[in-house]
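Model the full assembly from the supplied sequences, consistent with the hints where possible.
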Amino acid sequence: MKLFKGFYLVLLITTAILLQSCSDEPTVPNTRGVYMLMDTSGTYTKELKQAQKVINYILSQLNSGDSFAVARVDTGSFSEKDIVAKVTFQDRPSMANQQKREFRDKIDSFVKSVKGSAYTDITGGILQGVEFLNEAGTGHNTILIFSDLKEELRKGYKRDIPLQVDKYSVVALNVTKLRSDNIDPREYLDRLENWRSKVESGGGEWRVINDMARLEKILKQK
Amino acid sequence: MAFSDLFMIVSGSPAISGLIWFVVLTIIFYIARNHAHKGIISFSGAIHNGFRLSARSVKLLRNILVLRNREVLLAQGREATERMIEREFERIDATVRKDLAEYPALHRHLNEEVTAIDESFKESTEVPPSPPAWVKAVEAVAKIPAAKGDPTVGNILEDIHQSLVKSSTRALEEYRKASSKRHSLLQKMMPHWRNVLKALQNVDKSVNSLLSRSVTIDRLMHDYEDILKGTDKAQRMLSSSSMTQFFIAGFVLAIAVGGAFINFNLIARPMSEMVGGSDMLMGFKTSSIAALVIILVEISLGLFLMESLRITRLFPVISSLNDKMRIKMAWITFIFLFSLAGVEAGLAYMREILMEDSQATLALLSDTGGVKVEQNSALWITTAAQMGLGFILPFALTFVAIPLESFIHSMRTVLGTTGVAILRVIEWLLRLAGNFMRSLGKVIIHVYDFLIFLPLWIEKIIKNKNKDENTVSSAAKLGGAL
Chain A
40 MKLFKGFYLV LLITTAILLQ SCSDEPTVPN TRGVYMLMDT SGTYTKELKQ
90 AQKVINYILS QLNSGDSFAV ARVDTGSFSE KDIVAKVTFQ DRPSMANQQK
140 REFRDKIDSF VKSVKGSAYT DITGGILQGV EFLNEAGTGH NTILIFSDLK
190 EELRKGYKRD IPLQVDKYSV VALNVTKLRS DNIDPREYLD RLENWRSKVE
240 SGGGEWRVIN DMARLEKILK QK
Chain B
421 MAFSDLFMIV SGSPAISGLI WFVVLTIIFY IARNHAHKGI ISFSGAIHNG
471 FRLSARSVKL LRNILVLRNR EVLLAQGREA TERMIEREFE RIDATVRKDL
521 AEYPALHRHL NEEVTAIDES FKESTEVPPS PPAWVKAVEA VAKIPAAKGD
571 PTVGNILEDI HQSLVKSSTR ALEEYRKASS KRHSLLQKMM PHWRNVLKAL
621 QNVDKSVNSL LSRSVTIDRL MHDYEDILKG TDKAQRMLSS SSMTQFFIAG
671 FVLAIAVGGA FINFNLIARP MSEMVGGSDM LMGFKTSSIA ALVIILVEIS
721 LGLFLMESLR ITRLFPVISS LNDKMRIKMA WITFIFLFSL AGVEAGLAYM
771 REILMEDSQA TLALLSDTGG VKVEQNSALW ITTAAQMGLG FILPFALTFV
821 AIPLESFIHS MRTVLGTTGV AILRVIEWLL RLAGNFMRSL GKVIIHVYDF
871 LIFLPLWIEK IIKNKNKDEN TVSSAAKLGG AL
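Line by line, the protein sequences are chains A and B. Under this note's numbering, the first residue of the first sequence is numbered 40, with each subsequent residue one higher. Under this note's numbering, the first residue of the second sequence is numbered 421, with each subsequent residue one higher.
In short, the hints are calculated from the structure, not lab data. Ideal placement from N, C-alpha and C gives every residue a C-beta, glycine not left out. A portion of the hints provided could be inaccurate.
[Unchecked claim] When the alpha-carbon atoms are kept at most 27 Å apart in a straight line, the in silico DSSO-like pairs for lysine-lysine are as follows:
1) Lys189(A) <-> Lys256(A)
2) Lys125(A) <-> Lys597(B)
3) Lys256(A) <-> Lys705(B)
4) Lys897(B) <-> Lys880(B)
5) Lys206(A) <-> Lys608(B)
6) Lys206(A) <-> Lys256(A)
7) Lys256(A) <-> Lys216(A)
8) Lys194(A) <-> Lys216(A)
9) Lys608(B) <-> Lys597(B)
[As the list claims (entries may be wrong)] Quick look at which bits of chain A chain B covers, simulated, 3 or more residues with Cβ under 8 Å:
10) 134-148
11) 178-189
Here's what the structure looks like:
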């Protein structure tokens, strides 16, 4: 009788697992997707060393199954060509470590050879980031913008498009103050407010992190 | 209609309305007093009886559980004692087989030794040297009266003396030789004596062992008889033993859980190399679940191994297998367990490699990237320790089967005792609630009477007045009659 009771218990647990796996409710994958935009316009290229540190930190935090891409922000950022490096970490931790090292090397060589761009198309970069992360199919998505958030578009470029960043976390990093911001700080505040409303109206969560000593706040824990 | 509309009989004057309501209700309560009292008593009595009956049912249930516990306890005790007696008999059987099988050889050996001693003893018997035959002739010559100055007699006696000295010297040498031979023969007897003594000591040891086992069996049989009779002493003894077993087994199982946790940590990380590090199942990493399953499989194999070796008796199916099949099963489970232990040792080694790889990557990604970190030369000790633990822990977990068996068996008794205690508390609470409800009925009656104290007071005055009048009229009648 004891043997039968044990058998029924195992059967019950197995059924529960099967029911759980067959449930129609869509489950959010427990993976993270990070798309980082690096501003390469004008004098901001001097800040790229800081960006490199952020990238290394993010690499150290991501695990198997997570996706990460770093793209430059230039005149027209809505392009795959602007993606400097991208990776989806393999299931095996040893392979994931190897991928992290290769990713770091790519970023190193990019930072050494980068040339400043005349314009800054941040919106195009965000649209490209959303596209990348949607394709990656990750569960918890973050778009990092390493820029002064001053968007300058070439004539003819249309970027008055509403952002579709529902359940995305958009984080502005190292938002440096421009000379004009020092003269009139309202410009800086208006710029941040403008981006906040743009992201939040698209369903996303907006955050600003200027203190690079607090990098642990960049990524939300799984 | 709102309550305020119903209450306000005299509009604009709640005090007068309240007074009117008080008077009306008092009159109604006074008229309905007897019925209300009966109703309250019946109601509280019914609830009291309900609780009482429930308490009685719980008591009956408790008695059934107590009886059942007693039966189970005695059955378990009987089974355990039977097992112990069986084991004691098996040991006696083994001792008797071992010693009695050697008995003919021992007997022969003792006989040979005794014969050898006997022969040596016979050989060593001292034979007194016989005096030479011519001694009597010498005595006769010695008695011849010697004439003074006759040298012939003196010469003869001198010759005889010299011959005697020679003869006695030779005889003494021969005697010494013979004694030496006898002593050497007696010396040769020593090892035989020692052999005999050793053999007898062995026999004595075996007999003492049998005697001590027989004392143990006697004690166990006494306990067994007590259990069969179902005496209170036997029940108390078994109950106490079960409680002790329960706590000891629980403690050992807690230690085993700690061991399993360490084992889990050793293999969880490298398992992600095999089953992937990102897949999730029911909110847990698949690699963690896989590691847990491996540990559980090892524990199950350990249970089967202990069962096949007849150390535990959790599965009657395995115990009832024939010896050949059982030994086969023991070997198969041992081989599986050994293989899994090997796999675990490998995984533990892999864990160290992965840790080093992760640390190297993190160092590269941190600010100190590019600076080569010096490897600790004693790091192999940690690796070896991890591998050793990975190999040993599965075998150590095998022994979980023993406390697990004790825990399961004693848990029945402990649960039964706890159940009895809970039922006793419920019974007490039901009785308390029943008595409380009966007393509550009385309290409600008093409160009821308190609310209509005014008409009751008037009734009492009227009754007393009537009583006085009746007394006076009775006295008057009595006086008239007199």
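> Which hints, by number, does the structure contradict?
Replying inline: 2, 5 and 11
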